Amino acid sequence: MNFQRTASRILSVNGVPIAIALVIVVIIFQIMSPVFLTPGSVRDYINNAIPILLLTVGVAIVIVAGGIDLSVGTVAGLSAGTTMWTLVNGAPTLVAVLTGVGTGLVFGLFNGLMITRFGINDFIVTLATLNIAGGLLIVLTEQVPLQGVTTPGFSDIVYGNVFGIPSAFWIAAIIFVLMQFFLVKTVFGRRIFAIGIAPSAANVAGVNVERVRLGTFVLSGVLAGAAGVLLASRLGSVQAFLGSGYEFIAIAGAVLGGVSLAGGRGSVWAAVAGGLMLATLQQGLRLNGVDPVYFSIVTGLCIVAGVVFDRRIQQLALSGIRKRRRTGSAPPPPDTSQEAHLLRTGKQD
Amino acid sequence: MSTTAATAPKKNSLVDRVGARLLVDPTLGVLALLILICLVSAFTLPVFLEPSNLYNLLNTSLVVMILAMGMTVVLISGGIDLSIGTTMALCAGVAATSMKFGLPLFAALIAALATGALVGIGNGLLITRLGLPDFIATLAMLGFASGILYIWTKGVPIIGYMVPEFYVIGGLTPLLASLTLPMIIALLVALVLGGVLGSTRLGTYFFAVGSSKTGAMQSGIRVDRIRTQAYIVSGLSAAVAGIIMAGRNTNVPADLGNGYEIQAIAAAVIGGAALSGGRGRILGAILGAITLAATVNLINLVGVPSSYQKIVIGAILILAVLANRISAIVSGIVRQRRALVLEGIPA
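Same order as they appear, the protein sequences are chains H and G.
To convert, note that position 303 of the first sequence is 303 in the working numbering; the numbers rise steadily by one, no gaps.
To convert, note that position 178 of the second sequence is 1178 in the working numbering; the numbers rise steadily by one, no gaps.
These are computed hints drawn from the structure, not numbers from a lab.
Be aware that one or more of the hints could be misleading.
Some chain H residues close to chain G (C-beta under 7 angstroms, calculated; not the full set) [to be verified]: (1) I120; (2) F123; (3) L127; (4) E142; (5) T299; (6) V308.
The model shown is predicted, which means the values in this text are computed figures rather than measured ones.
Idealized CB from N, CA, C, for every residue including glycine.
Just chain H, same shape as in the assembly (with noise of 0.2 angstroms):
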């Protein structure tokens, strides 16, 4: 009894059963291919995985506040396009790395005004932006070939080595400790949590909802803007689909790490665990000759069961919470379904 309710809490931290399960995966994957853990093969799995983890951390900011960005892929891959378009045209890396950057902001605020100014659907938005940076970065590619760059610095951006660690992974650790800090420590951080879990609420308690969901999707511009460049140094070259998919794989990390759909719930740690599984899944199926393609079917699988723990995880807490009060009694299974959800909360989803 006493064991349970230990573990049903320490379960409900954000982002500790992705991490058991993630460690749980390793090892069943290095069982099967003993190849799994050696140190290259695992720096270049997570080098690769890491303008991705920035995509998870990025949409995972906009879910906790209640919100959704489709088009952090693309504008991921748009920018990557631009910063290389810059160097191609001979610009030192300073300023291509603040034109991708750049790009992801501007996409990122333009995102935010059209949601917050005019009231339209964030998916609507960005979906439509989705569109228009893919359809941008397909007329770019067209323009220029965006490749053969050779600026001094460039590839050090990813490649580069401070204290026998890939420089990627610094610039990834640095931005996570930041955003971590940023959502718990600062005003506008509790505020993204507090719009999340009731904006209502939050806008009667005298929070200005519309700027903080403004900012939650011009943070996450900026960090597929990061990502951008991240990929563009990585890979050396631009192609027109680069990005494409992406965002499907960042909301499946974000909601696998236990970030949860209906807002208010979820930490920067627990979307880079989620992200970090399924690069390790994808690299596990890659080692053990799985053709790519089933990856996809293996992302939306996650989606499915991330969301259904989350619901396990608040129903466990409930429960909980309905045993404490009522001491004695064995309390009545939680009803979950739709309506009973409606009845109780009168909230339409």
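Dock chain G against chain H, hints included.
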């Protein structure tokens, strides 16, 4: 009171009233936009109004039109179906493969329709049983369906299924003079869905669920079942569109349906379907699909490279939603004013 009500409309000039009507009724707004496009192009681009061009335009808009009608039903019931394009490709693949296995034509068509309905049921179950948000559930379904199609085709388009009947289904061989079968199918789909929405209990339920889930539930409607049925309708419409696509394209590549979901959503939204649910029209979806096709056709004729198409469609989607919101606000104001006039308070 009666005098105020009688005199109040006279104060508004005809232009005012027509303008208000256009803004209130999105379908009329789209019609006005279409006529405007035609008028502008009549002076600047005579090629656009040539019968052969208009005929091609109508023919190319049919697939998106059928998808948009299914999407409209889902939007009315308060959902959204991002998987509709991929479902279309999957159903096209099922039809093509069944033909290759030597099944008779009608069996292949039934297999495709069943696949569409199954995907719809899957979407509905993900949403109502697991409680996933609509766009996440259908996004996951998009991943599943495209994954299945890639595994199945191994990236090589399905070919070698074209029998003469398929050329007719795809509209490559016309039925009578210039009348093609897809046109008749689109008309049938429109009549059926329009009939369901307009004059059956199910149609009323779709609107009720989309307007207010809580309200619908409290008046005894099985909300979950109605929502699932809306997704079955969109799955079936995707199957019909997929069968036509299989005939028209003469091969089925795995990425056949890419980008169709956004076109279907854009066409439905241009036609006045509200993303918040409870508003939408089949006629609007038809006009929306034609408007979308006309716009793409125009920019092609002007000489804009086709690579800009994605950007244009994205921009059109945003503009359509914006126009829709303005129309909703204006119709709210007009309704309020009318209510005030009826109560005898000068607006």
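How the hints compare with the structure:
{"no.": "1", "hint": "I120", "verdict": "holds, 5 angstroms"}
{"no.": "2", "hint": "F123", "verdict": "holds, 5 angstroms"}
{"no.": "3", "hint": "L127", "verdict": "holds, 6 angstroms"}
{"no.": "4", "hint": "E142", "verdict": "holds, 6 angstroms"}
{"no.": "5", "hint": "T299", "verdict": "holds, 6 angstroms"}
{"no.": "6", "hint": "V308", "verdict": "holds, 6 angstroms"}
Checked against the numbered hints above, the structure violates none of them.
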